[in-house]
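So the sequence lines, in the order shown, correspond to chains A and B.
The first sequence: position 137 = 137 (this note's numbering), numbered continuously.
Count along the second sequence starting at 1, add 300, and that's the number in this note's numbering.
Honestly, I wouldn't trust all of these hints.
[Claimed, not checked] Some residues of chain B that are not near chain A, with every Cβ distance over 10 Å (derived): (1) PRO322; (2) HIS376; (3) SER379; (4) ARG380; (5) ASP384; (6) THR388; (7) LEU466; (8) GLN468; (9) GLN520; (10) LEU522; (11) VAL525; (12) LEU527.
[As the list claims (entries may be wrong)] Label-pair ranges, simulated between beta-carbon atoms: (13) B:ARG462 with A:MET279: 33 to 41 Å; (14) B:PHE372 with A:VAL189: 52 to 60 Å; (15) B:PHE372 with A:LEU53: 49 to 57 Å; (16) B:VAL513 with A:PRO72: 55 to 63 Å; (17) A:VAL283 with B:ASN578: 43 to 51 Å.
These are calculated hints, taken from the structure and not from any lab test.
Note that beta-carbon positions come from the ideal geometry of N, C-alpha and C, so glycine has one too.
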Amino acid sequence: MAATDSVPVAAAAAGRARTRVPAARTRRGRTRAGRSVINVVLLLFSVLYLVPLVWMVLASFNAHASFKLSVPSPTTANFRHVLTYDTTFHPMLNGLLLCGGGTLVCVVCSILAAYPLSRFRSRLRRPFLYTVLFSTGLPITAVMIPVYSMFVQVDLIDSMPATTLFLAASALPFGIWLMKNFMDGVPVVLEEAARIDGANSMQVLWRIVLPLMWPGVIVVTIFTFISMWGNFFVPFILLLTPEKLPASVSVFNFLSAHDYTQYGQLSAFSILYSIPVVMLYLVLARRLGGGFALGGALKG
Amino acid sequence: MSSSAATAAGRKGARGGADRTPLPTWLAGLLRGLPVLPSVVLLAVFLAGPIGYCVYYAFTDMQLTGSSGTHFTGLHNFSRAFGDPDFTNAVELTLMFVVGSAVVGQNTLGLALAVLMEKASKPVRSLTSAVVISAWVLPEVVAGYLMYAFFYQQGSLNAILRFLHLPQQNWLYTLPILAVCIANMWRGTAFSMLVYSAALGDVPRELVEAAEVDGASAWQRLWRVTLPVIRRSILTNLMLITLQTLSVFGLIYTMTRGGPGNKTETLPIFMYQQAFQNSLIGYGTAIALVLLVVGALFSVVYIRMLKVEEG
Numbered sequence: 001m002a003a004t005d006s007v008p009v010a011a012a013a014a015g016r017a018r019t020r021v022p023a024a025r026t027r028r029g030r031t032r033a034g035r036s037v038i039n040v041v042l043l044l045f046s047v048l049y050l051v052p053l054v055w056m057v058l059a060s061f062n063a064h065a066s067f068k069l070s071v072p073s074p075t076t077a078n079f080r081h082v083l084t085y086d087t088t089f090h091p092m093l094n095g096l097l098l099c100g101g102g103t104l105v106c107v108v109c110s111i112l113a114a115y116p117l118s119r120f121r122s123r124l125r126r127p128f129l130y131t132v133l134f135s136t137g138l139p140i141t142a143v144m145i146p147v148y149s150m151f152v153q154v155d156l157i158d159s160m161p162a163t164t165l166f167l168a169a170s171a172l173p174f175g176i177w178l179m180k181n182f183m184d185g186v187p188v189v190l191e192e193a194a195r196i197d198g199a200n201s202m203q204v205l206w207r208i209v210l211p212l213m214w215p216g217v218i219v220v221t222i223f224t225f226i227s228m229w230g231n232f233f234v235p236f237i238l239l240l241t242p243e244k245l246p247a248s249v250s251v252f253n254f255l256s257a258h259d260y261t262q263y264g265q266l267s268a269f270s271i272l273y274s275i276p277v278v279m280l281y282l283v284l285a286r287r288l289g290g291g292f293a294l295g296g297a298l299k300g
Numbered sequence: 301m302s303s304s305a306a307t308a309a310g311r312k313g314a315r316g317g318a319d320r321t322p323l324p325t326w327l328a329g330l331l332r333g334l335p336v337l338p339s340v341v342l343l344a345v346f347l348a349g350p351i352g353y354c355v356y357y358a359f360t361d362m363q364l365t366g367s368s369g370t371h372f373t374g375l376h377n378f379s380r381a382f383g384d385p386d387f388t389n390a391v392e393l394t395l396m397f398v399v400g401s402a403v404v405g406q407n408t409l410g411l412a413l414a415v416l417m418e419k420a421s422k423p424v425r426s427l428t429s430a431v432v433i434s435a436w437v438l439p440e441v442v443a444g445y446l447m448y449a450f451f452y453q454q455g456s457l458n459a460i461l462r463f464l465h466l467p468q469q470n471w472l473y474t475l476p477i478l479a480v481c482i483a484n485m486w487r488g489t490a491f492s493m494l495v496y497s498a499a500l501g502d503v504p505r506e507l508v509e510a511a512e513v514d515g516a517s518a519w520q521r522l523w524r525v526t527l528p529v530i531r532r533s534i535l536t537n538l539m540l541i542t543l544q545t546l547s548v549f550g551l552i553y554t555m556t557r558g559g560p561g562n563k564t565e566t567l568p569i570f571m572y573q574q575a576f577q578n579s580l581i582g583y584g585t586a587i588a589l590v591l592l593v594v595g596a597l598f599s600v601v602y603i604r605m606l607k608v609e610e611g
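Same shape as in the complex, but just chain A (with noise of 0.2 Å):
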């Protein structure tokens, strides 16, 4: 959960940034020279950024990769040894249901909490607010290791649903966060009009609210399922069996037990696993537009 992990600046961002206004169109003469010189130094910065990209795309179509970059003899060898059940569908199969679940519940319990803090005042409202937002900065780093001896104490360790639950719980408080926002804009008029016709608070929420926020409750779904897809650390402690690891321990033990030799191989490997997030986040970036969009989509 490193760096996609917490993000409700980024997120709260996204909706301003489609007021941005084009940059000033004065003096023309000497920011066209400053805006080549900055073009170029963009341009340079992009490719060396890119180097471990393009090296990963041009290993898994290597047949003898090596670190070196390289130009290939074309093969798709290496994705037809890795696409078996064993190395990628299994593990993918895995992830989904670790990631798959632990989003559901994250966001179904998210949308139920969120309601009566975004509706209802309550003495308990900030306090609870206060502790959700103070809980995205934890580290849940440091509270694998209490997990563990807490997991092997009452038997969950290599269990799948606790580790989905416990996933879950981790993506909670941002989810709620983040959830609360994005209803705090649906406007309260709409619910009233269903209250008077006798609607009880569960029946406006999922017959009004949830409708109208329909965006917000996407962008949080992707937004958790990619940070649990990519965490690396959760079910590297709390799995076991091979058989019930994901795609991101896989891929780890795949690193080592191939002593980095087969790097056409793991680079395939690697590619296949990125794929879904990388699809998401395009999906993301278009239903947002704004801050969090790939460039093209930054109105400027």
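Given chain A, put chain B in place with the hints provided.
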């Protein structure tokens, strides 16, 4: 567990609505708060529980093998930690890692990219942000693998240096902490870049233009106008990337496993090794507690800056 609690909450809510006789206020308040319950249970069992456990175990000599012999040992784990040169080493490395890769690296690079991208032409801006963000989206183990390959003796970095006729190194052996810092920068800069891009978009243009009319250079405008205006974003960003970097495990573990020797053994790695490789759960937990307290302090500062709205 949570789903049954959720349906129970739904049913209770439904009954409260259908029942036309007014409920006592305290009960009505309780019913309205019920949907929070599943989350509270999950958080209590899986987060608060372990943290409570953490506080307890940190004061014991619990070991992985033979857990029947767990004794209360008071502050022993902590006095041991502060006398342990490996712990001191881990603290120093963590400081270097957090300051080097997050506070200086990600933060400065992210700001620089955001400022430059504002002035760049559109295709260049799109390309740069797409490249930086793709490094961010990759799972951390994949990022670790790519960075290992990049810094390896026969890897891309040395190839580039050779091409430029610059001295090469066996980076992962001679300067491993620098390698993992750069790796974390490579992976994490996108976050700061996104935060700053959004913040810069909010800077009032009149302010910058007024400074320009008064003859301020680009550098002065950035230093005297833009940066003070986005001060809050800078602080928030620093706080968040510090918290994120403090708990990085997978990236370093994939690249170096804390080695060679203990040259990249930051606190999370040290904690893991004490708890699982040396089977000293109690000691590992004490280190985890130190890490949690540091994280909690940063988290409190962060909340104070963000401020939950009145209500």
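- Query: So is SER379 of chain B really clear of chain A, every C-beta pair being over 10 Å apart?
  - Reply: Given that every Cβ of chain A is farther than 10 Å from that of SER379 of chain B, nearest at about 19 Å, it holds.
- Task: Quick one: work out the minimum CB distance from GLN520 of chain B to chain A and report holds if it exceeds 10 Å, violated otherwise.
- Result: About 15 Å separates GLN520 of chain B from the closest Cβ of chain A, which puts it past 10 Å; holds.
- Task: Using the beta carbons of VAL513 of chain B and PRO72 of chain A, state whether their distance is inside 55 to 63 Å or not.
- Result: 56 Å Cβ-Cβ, so the 55 to 63 Å window holds.
- Message: Confirm or reject: ASP384 of chain B is not an interface residue toward chain A, with every Cβ-Cβ distance exceeding 10 Å.
- Response: Holds: least Cβ distance 17 Å, greater than 10 Å.
- Is it true that ARG462 of chain B and MET279 of chain A lie within 33 to 41 Å of each other by Cβ? holds, 37 Å
- Could you let me know if the closest chain A CB is still more than 10 Å away from the CB of LEU527 of chain B? holds, 17 Å
- Task: For VAL283 of chain A and ASN578 of chain B, compare the CB-CB distance with the range 43 to 51 Å and indicate the outcome.
- Result: Taking Cβ atoms as reference, VAL283 of chain A and ASN578 of chain B lie about 44 Å apart, which means the hint holds.
- Just double-check HIS376 of chain B for me: nearest Cβ-Cβ distance to chain A has to come out over 10 Å. holds, 17 Å
- Item | Given as non-interface: VAL525 of chain B, partner chain A, CB spacing beyond 10 Å | holds, 13 Å
- Task: Just double-check THR388 of chain B for me: nearest Cβ-Cβ distance to chain A has to come out over 10 Å.
- Result: holds, 18 Å
- Item | Exclusion check [ARG380 of chain B not at the chain A interface, CB over 10 Å] | ARG380 of chain B is indeed farther than 10 Å from all Cβ atoms of chain A, at 16 Å.
- Do PHE372 of chain B and VAL189 of chain A keep their Cβ atoms within the hinted range of 52 to 60 Å? 59 Å Cβ-Cβ, so the 52 to 60 Å window holds.
Violation of the numbered hints given earlier is absent; every hint is satisfied by the structure.
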